[in-house]
Amino acid sequence: MNLADFRHRITIQKLEEGSTNENGFPVDDSSNWKDVMTVWAATETLGDKTSNYEFYEAATTMAKNTLTFIIRYKPDLNSDMRIVFKERDFEIVSMINENEENRLLLIVGREVV
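The numbering of the sequence shown is the numbering used here, which starts it at 1 and goes up by one.
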(Lines of atoms letter the chains of each structure in order from A; the text may use other names.)
(Lines give C-alpha, C1' and ligand atoms only; values in the text may rest on other atoms or scores of the structure.)
Protein backbone atom coordinates (compact mmCIF):
# COMPACT_ATOMS: atom_id res chain seq x y z
CA MET A 1 0.00 0.00 0.00
CA ASN A 2 1.30 3.43 -0.95
CA LEU A 3 1.58 6.10 1.76
CA ALA A 4 -0.31 8.51 -0.49
CA ASP A 5 -3.38 6.28 -0.08
CA PHE A 6 -3.56 7.31 3.60
CA ARG A 7 -5.15 10.67 2.82
CA HIS A 8 -8.29 10.60 4.95
CA ARG A 9 -8.53 11.65 8.59
CA ILE A 10 -10.69 9.43 10.75
CA THR A 11 -11.43 9.72 14.45
CA ILE A 12 -11.79 6.64 16.61
CA GLN A 13 -14.18 7.06 19.52
CA LYS A 14 -15.00 5.03 22.60
CA LEU A 15 -18.26 4.99 24.54
CA GLU A 16 -17.59 6.60 27.90
CA GLU A 17 -17.95 4.15 30.77
CA GLY A 18 -20.74 4.81 33.22
CA SER A 19 -23.10 6.08 30.53
CA THR A 20 -26.21 4.11 31.48
CA ASN A 21 -29.91 4.81 31.59
CA GLU A 22 -32.18 4.34 34.62
CA ASN A 23 -32.39 0.59 33.88
CA GLY A 24 -28.62 0.12 33.82
CA PHE A 25 -28.31 -0.35 30.06
CA PRO A 26 -25.60 1.54 28.14
CA VAL A 27 -26.79 4.78 26.58
CA ASP A 28 -25.78 5.16 22.94
CA ASP A 29 -25.97 8.96 22.85
CA SER A 30 -23.57 10.93 20.65
CA SER A 31 -22.49 13.06 23.60
CA ASN A 32 -21.25 9.94 25.44
CA TRP A 33 -18.69 9.08 22.76
CA LYS A 34 -15.20 10.44 23.45
CA ASP A 35 -12.33 10.74 20.98
CA VAL A 36 -9.56 8.20 21.49
CA MET A 37 -7.33 9.06 18.52
CA THR A 38 -7.32 10.63 15.09
CA VAL A 39 -5.33 8.81 12.42
CA TRP A 40 -4.65 8.83 8.69
CA ALA A 41 -6.52 6.14 6.77
CA ALA A 42 -7.10 4.76 3.32
CA THR A 43 -10.76 4.10 2.58
CA GLU A 44 -12.25 1.64 0.14
CA THR A 45 -15.72 0.39 -0.57
CA LEU A 46 -16.55 -3.28 -0.98
CA GLY A 47 -15.85 -4.21 -4.57
CA ASP A 48 -12.76 -2.01 -4.85
CA LYS A 49 -9.33 -3.58 -5.03
CA THR A 50 -9.75 -4.87 -1.46
CA SER A 51 -12.13 -7.48 -2.83
CA ASN A 52 -9.05 -9.62 -3.44
CA TYR A 53 -8.99 -10.41 0.24
CA GLU A 54 -10.89 -13.59 1.05
CA PHE A 55 -12.60 -11.84 3.93
CA TYR A 56 -14.54 -9.58 1.63
CA GLU A 57 -16.03 -12.48 -0.26
CA ALA A 58 -17.90 -13.36 2.92
CA ALA A 59 -18.99 -9.76 3.38
CA THR A 60 -20.74 -9.35 0.04
CA THR A 61 -24.14 -9.21 1.70
CA MET A 62 -23.28 -5.98 3.52
CA ALA A 63 -25.01 -2.80 2.45
CA LYS A 64 -23.44 -0.12 0.29
CA ASN A 65 -22.94 2.08 3.34
CA THR A 66 -20.08 -0.18 4.44
CA LEU A 67 -16.51 1.08 4.12
CA THR A 68 -13.13 -0.46 4.72
CA PHE A 69 -10.68 1.73 6.62
CA ILE A 70 -7.02 0.79 6.38
CA ILE A 71 -4.80 2.27 9.07
CA ARG A 72 -1.43 1.56 10.60
CA TYR A 73 -1.66 -1.15 13.22
CA LYS A 74 -2.90 0.01 16.63
CA PRO A 75 -3.03 -2.75 19.28
CA ASP A 76 -5.42 -0.90 21.59
CA LEU A 77 -8.40 -0.73 19.20
CA ASN A 78 -11.43 -2.98 19.61
CA SER A 79 -14.85 -3.51 18.09
CA ASP A 80 -16.60 -1.62 20.92
CA MET A 81 -15.29 1.61 19.41
CA ARG A 82 -16.62 3.51 16.42
CA ILE A 83 -15.18 5.58 13.58
CA VAL A 84 -16.15 9.12 12.61
CA PHE A 85 -15.41 9.85 8.95
CA LYS A 86 -16.63 12.99 7.18
CA GLU A 87 -19.18 13.66 9.95
CA ARG A 88 -20.62 10.14 9.54
CA ASP A 89 -20.50 7.48 12.26
CA PHE A 90 -19.44 3.90 11.49
CA GLU A 91 -19.74 0.97 13.87
CA ILE A 92 -16.82 -1.43 13.67
CA VAL A 93 -17.99 -4.72 12.17
CA SER A 94 -14.60 -6.43 12.11
CA MET A 95 -10.89 -5.76 12.31
CA ILE A 96 -8.18 -7.72 10.53
CA ASN A 97 -4.48 -7.54 11.37
CA GLU A 98 -3.26 -8.03 7.82
CA ASN A 99 -1.09 -11.17 7.62
CA GLU A 100 -0.64 -10.93 11.41
CA GLU A 101 2.31 -8.61 10.74
CA ASN A 102 1.21 -5.78 13.06
CA ARG A 103 1.68 -3.31 10.21
CA LEU A 104 -1.79 -2.65 8.79
CA LEU A 105 -5.22 -2.95 10.31
CA LEU A 106 -8.22 -3.40 8.02
CA ILE A 107 -11.39 -2.20 9.70
CA VAL A 108 -14.79 -2.87 8.17
CA GLY A 109 -17.24 -0.20 9.28
CA ARG A 110 -20.99 -0.02 8.76
CA GLU A 111 -22.58 3.43 8.77
CA VAL A 112 -24.90 4.11 11.67
CA VAL A 113 -28.07 5.66 10.30
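Take the hints with a grain of salt, since some may be wrong.
Said to hold, decoys possible - No more than 20 Å apart at the CA atoms, straight line, and that leaves these computed lysine to any residue pairs for SDA-like:
hint : residue 1 : residue 2
1    : Lys86     : Asn21
2    : Lys34     : Asn97
3    : Lys14     : Glu101
4    : Lys74     : Asn97
5    : Lys34     : Asn21
6    : Lys74     : Trp40
7    : Lys34     : Val112
8    : Lys74     : Asn102
9    : Lys14     : Trp33
10   : Lys34     : Asn99
11   : Lys34     : Arg82
12   : Lys74     : Gly24
13   : Lys14     : Asn99
14   : Lys74     : Val93
15   : Lys74     : Asn99
If you're looking for bench data, these hints aren't it; they were derived computationally from the structure. All of these numbers come straight from a predicted model, not from anything done at the bench.
Handout entry: Ascending list of hint numbers which this structure does not respect
Key = 1, 2, 3, 10, 12 and 13
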